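S.K.: If you want the building blocks of each chain, they are given just below.
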Amino acid sequence: MLRGKTAVITGGTRGIGLAIARCFAENGADVALIATRRSESAEANVTELASTGRRVKLYVCDVRDNAAVERTTAEIAEDFGRIDILVNNAGITRDGLLPGLGEADINDVIDVNLKGTIWVTKAFLRGFVKQRAGVIINLSSVVGLMGNSGQTNYAASKAGVIGFTKSVAKEYGRRNVRCNAIAPGYIATDMTAALSEEATEQIAKQLPLGRLGKPEDVAALALFLASDLASYITGEVIAVDGGMYV
Amino acid sequence: MKDITNGIIHIIAEYLGKDESELTADDRFTDIGLDSLDIMELVMQMQEEFDCKIELSQEITTIGKLAELIASQQ
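Sequence order for the protein chains is D and G. Residue numbers for the first sequence follow my numbering, so the first one is 1 and each next one is one higher. Residue numbers for the second sequence follow my numbering, so the first one is 247 and each next one is one higher.
It is possible that part of the hints are untrue.
[Stated by the list, open to error] In silico DSS-like cross-links for lysine-lysine, where the CA-CA straight-line distance does not exceed 30 Å:
#  : chain 1 : residue 1 : chain 2 : residue 2
1  : D       : Lys122    : D       : Lys5
2  : G       : Lys311    : D       : Lys122
3  : G       : Lys311    : D       : Lys130
4  : D       : Lys170    : D       : Lys205
5  : D       : Lys57     : D       : Lys214
6  : D       : Lys122    : D       : Lys170
7  : G       : Lys311    : D       : Lys170
8  : D       : Lys130    : G       : Lys264
9  : G       : Lys248    : D       : Lys170
10 : D       : Lys166    : G       : Lys299
Since the hints were made in silico from the structure, they are not lab data. All values reported here derive from a predicted model rather than from experimental measurement.
Starting from the given sequences, assemble the full structure and let the hints guide the process.
M.R.: Written out as structure tokens, the structure reads:
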């Protein structure tokens, strides 16, 4: 489905980002991954992804740093040439009730999840506009749609991603650049592993589909949105949440 | 300055598929069929061409005014 395409995925060395990278590579795309550090597990995942026969390369960049994002974008363009797909997946949580959140808890979450998405999009948009084609997929969250106690900072950042997604879709639709958001619900990743088994069971019970999602559930939607099958879809927010936000 | 104006006219003519002789420094962008997105795209190209940082404002509405801006920022 993505043969001959090149995708850039932020936060692509674990969790949902890694599942998207694997899915894209298996479907024929070359993949540039952006991560905050070069860990042993990140390197191992790159090696595993490269076993698909696709070109895979890891770039270290803090998406909070606009200058670093610009440099990394230039490096990726130099290495891969044309970029077709951007997945803004890098995200963090710093949960807690609002009075207990420190300045850093709020700034870090907004800076990575929302501003990071804006910086990276801004950097790659230029190429997309020039080539009159591009697909941007932003990872939001159901929490950005429905809010969540203990996640005011995270919910605000993810709701911001939705507004950003719709605005980019409107601004660049005429240049054949599509921009959509995915809103995952509870997906079993390192991010949700912090929950106790009991809490996880409780959550699963309340979901219409009765289970937590898998990163692959999200990757399947990302693949569809990145492919030409979705060529008339832009500005959308699609939940992958087992019916959580219905 | 004249070089810059000619350079801008060259880029815009190419972009619009027009002959350079059809464009003058007094032409308003909107009158020659350029919208805000077109101008943004052209400015990105001109930044590379003229090796300068162009900070566009609402007052830059003609080829001549853009040439003045580029000359001042080069």
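S.K.: When you check the alpha-carbon spacing of Lys122(D) and Lys5(D), does it fall within 30 Å?
M.R.: At roughly 20 Å apart (the allowed maximum being 30 Å), Lys5(D) and Lys122(D) satisfy the hint.
S.K.: Has the given pair, Lys170(D) with Lys205(D), been kept, meaning a C-alpha gap of at most 30 Å?
M.R.: Judged against 30 Å, a Cα distance of about 38 Å means the pair is violated.
S.K.: Just to be careful, I want the Cα atoms of Lys311(G) and Lys130(D) compared with a cutoff of 30 Å; is the pair within it?
M.R.: holds (24 Å)
S.K.: Holds or violated: Lys248(G) with Lys170(D), Cα cutoff 30 Å?
M.R.: violated (37 Å)
S.K.: Need the status of pair Lys122(D), Lys170(D): alpha-carbon distance at most 30 Å?
M.R.: holds (15 Å)
S.K.: Check the hint pairing Lys57(D) with Lys214(D) against an upper bound of 30 Å on the C-alpha distance.
M.R.: Status holds; Cα separation ~24 Å.
S.K.: Holds or violated: are the alpha carbons of Lys311(G) and Lys122(D) at most 30 Å from each other?
M.R.: Holds, at about 26 Å.
S.K.: Please work out if Lys130(D) and Lys264(G) have their alpha carbons no farther apart than 30 Å.
M.R.: holds (19 Å)
S.K.: If you draw a straight line from the CA of Lys311(G) to the CA of Lys170(D), is it 30 Å or shorter?
M.R.: Cα-Cα ~28 Å, so holds.
S.K.: For the pair supplied as a hint, Lys166(D) and Lys299(G), is the alpha-carbon distance within the 30 Å limit?
M.R.: Distance ~28 Å between Lys166(D) and Lys299(G) Cα, so the pair holds.
The earlier numbered hints that this structure contradicts are 4, 9.
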